[in-house]
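S.K.: Listed below, chain by chain, are the residues.
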Amino acid sequence: MHVDYQSLRFEYRRSPDQSSLQVVRHAVVVVGAGPVGLATAIDLAQSGLRVLLLDDDSSLSTGSRAICFAKRTLEIFDRLGCGDAMVEKGVTWNRGRVFHRDHPVYSFDLLPEGGHERPAFVNLQQYYVEGFLLDRARALPDLEIRWRNKVTAVEPGEAGVGLLVETPEGEYRILADYLIAADGARSPIRRALGLESKGRTFRDRFLIADVRMKADFPAERWFWFDPPFHPNQSVLLHSQPDGVWRIDFQLGWDADPEAERAPERVITRVRALLGENAAFDLEWVSVYTFSCLRMARFRHGRVIFAGDAAHGVSPFGARGANSGVQDAENIAWKLALVLRGEAPATLLDSYDDERVAAADENILNSTRSTDFITPKNEASRAFRDATLDLARDCAFARRLVNSGRLSLPSTYRASPLNTADTDDFAGTMMPGAPALDAPLMREGAPNWLLRRLGGGFVLLHFGEAPPPVPETLPPLRLVNVTPDEDAEGVAARRYDALPGTTYLIRPDQHVCARWRRFDPEAICAALDRAVGRA
Amino acid sequence: MLNTEPNIASPDDFYEALLSIHQGLAPEQSRQVDARLILLLCNHIGDLSVLREAMARARRGIEPDGIDNTIAART
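So the protein sequences, as listed, match chains A and B. Going by this note's numbering, the first sequence opens with residue 1, and the numbers climb by one from there. Going by this note's numbering, the second sequence opens with residue 535, and the numbers climb by one from there.
A few of these clues could be false.
Unchecked claim - Here are the computed lysine to any residue pairs in the SDA-like style, where the Cα-Cα straight-line distance is at most 20 Å:
| no. | chain 1 | residue 1 | chain 2 | residue 2 |
| --- | --- | --- | --- | --- |
| 1 | A | Lys376 | B | Asn541 |
| 2 | A | Lys376 | B | Glu562 |
| 3 | A | Lys376 | B | Val584 |
| 4 | A | Lys376 | B | Asp546 |
| 5 | A | Lys376 | B | Arg570 |
| 6 | A | Lys376 | B | Ile596 |
Said to hold, decoys possible - Taking CB as the label site, the calculated pair distances span:
| no. | chain 1 | residue 1 | chain 2 | residue 2 | range |
| --- | --- | --- | --- | --- | --- |
| 7 | B | Pro598 | A | Ala414 | 26 to 36 Å |
| 8 | B | Tyr549 | A | Glu196 | 14 to 24 Å |
| 9 | A | Pro499 | B | Arg594 | 24 to 34 Å |
| 10 | B | Ser554 | A | Asp393 | 19 to 29 Å |
No lab work stands behind these hints, which were simulated from the structure alone. Built from N, CA and C at the ideal position, the CB exists for glycine as well.
Sequences and hints are given; from them, build the entire structure.
M.R.: Here's what the structure looks like:
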């Protein structure tokens, strides 16, 4: 069934909170029904908490906006119960190609090895992503969404956060134990609290033209430096569902944003790329500049910032929406434990530790890509052109070409929730790393490791049979992978596993600790640490 | 460690070869040749600590006189 998510309008409905004589208290209020707010609300509601989601608007994203959703984000969507819809509708791609002037420079495969359920990326208009998340959110009885409910004042206190909410029928007050601000780059909540997101804006302008057309470009990411059809600037081409193509033209700092938005001007630029006789319709046009910036801290007591409200990067690594969804899943399990009284409130500080470090990693990668795409001075321009020239016949230079280092999930190496290795391990599945997928067989049918891990704390054990679990161990789910199930040995290789190897995996599928044998005492200690009790 | 002791067997031949690749070139063309040469040599050396030492020596004594092409952002 095709739903035109972009045209959906959601009705404002009066809530009993508005007529209540006493200010009504909510455990969690999430502000902003974008990808980050929706993901946070779904994750919390899935873990059995009642969640209130407020949005100041009555529709989903206008225009395709974020379009590249990375493997890790799709795996999170799987856990949230809407990954299949995303992948089914999205355009799957793994390959990027880079061109310089009129010749190809090199291409890269973002997922060169098999044995993963999800591809490196799918391209999908943001309104579909929000639409599929919303479909999932509406199926959760504990998740209430209030449209056209705009937060106009925030009063943080020791015992809760007071909110003043404006509706078409006037204002009302509520109280929240915790407030998640996923209200976007201009975050009114950040402003209301007098907080800032700081960094650098790059002196360059870009034009996004989403066009609908029949074209036979492959489903790949194509990036041109200085192409004949758009000299001295770069161009990026991406495929989206429904025959829509994203074309991103670099314009330079001196471009006039108003004039560049004019359809006839845009059509001329698109024709230069596609040919004089190309038939296409303009879907969406936008001229933007970008900044790399973040808040000093993302947690401010009972108010927690996520996604663009907390940090911002250039679009050239698909690190905006993807990192925001990773913020969402990082805060959701921690907040759920705290609200259920199963972890101290200080566990929420680890959200800052982990996601500020992740934001810095994204900003570093984004800044480096920008320095390559938008050379700062004559020297960086000379090295950029030299790199592109050498890349034609020198393999080393291809590794230097930077048209955007695409989003990968962060490994929380320095997280206080990790338990350091005491046994010898090789490979990438160190404490703090996001768990890698692997193909398994179960009762004769294919089955994926990440699907088996699911949510909650999980013990992942490798061996013929699950180990006997003593009663002293808290009730943890145990996933045992037998050599038969791991017929190709991919899981054992990725986790450097031998019989008896045991991993403790967090609810967001990051590794907390690993051992060569099943040691209940060590597991208890690692679990305490992972919930902030150590 | 960066070797700053004599390491080239025929220094005069080397210097002549270095200048000859710039013969007849405009400054921006020379800049291109130099940039390519630097990248090729850096990759050949490979050791980032040696490269950083060389970069620091090359930069020594030159005071910044340019502008940063970014703007402080605050939202």
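S.K.: Hint by hint, say whether it matches the structure.
M.R.: Against the structure, the hints:
no.	hint	verdict
1	A:Lys376 - B:Asn541	violated, 35 Å
2	A:Lys376 - B:Glu562	holds, 16 Å
3	A:Lys376 - B:Val584	violated, 25 Å
4	A:Lys376 - B:Asp546	violated, 36 Å
5	A:Lys376 - B:Arg570	holds, 18 Å
6	A:Lys376 - B:Ile596	holds, 19 Å
7	B:Pro598 - A:Ala414: 26 to 36 Å	holds, 33 Å
8	B:Tyr549 - A:Glu196: 14 to 24 Å	violated, 54 Å
9	A:Pro499 - B:Arg594: 24 to 34 Å	violated, 58 Å
10	B:Ser554 - A:Asp393: 19 to 29 Å	holds, 22 Å
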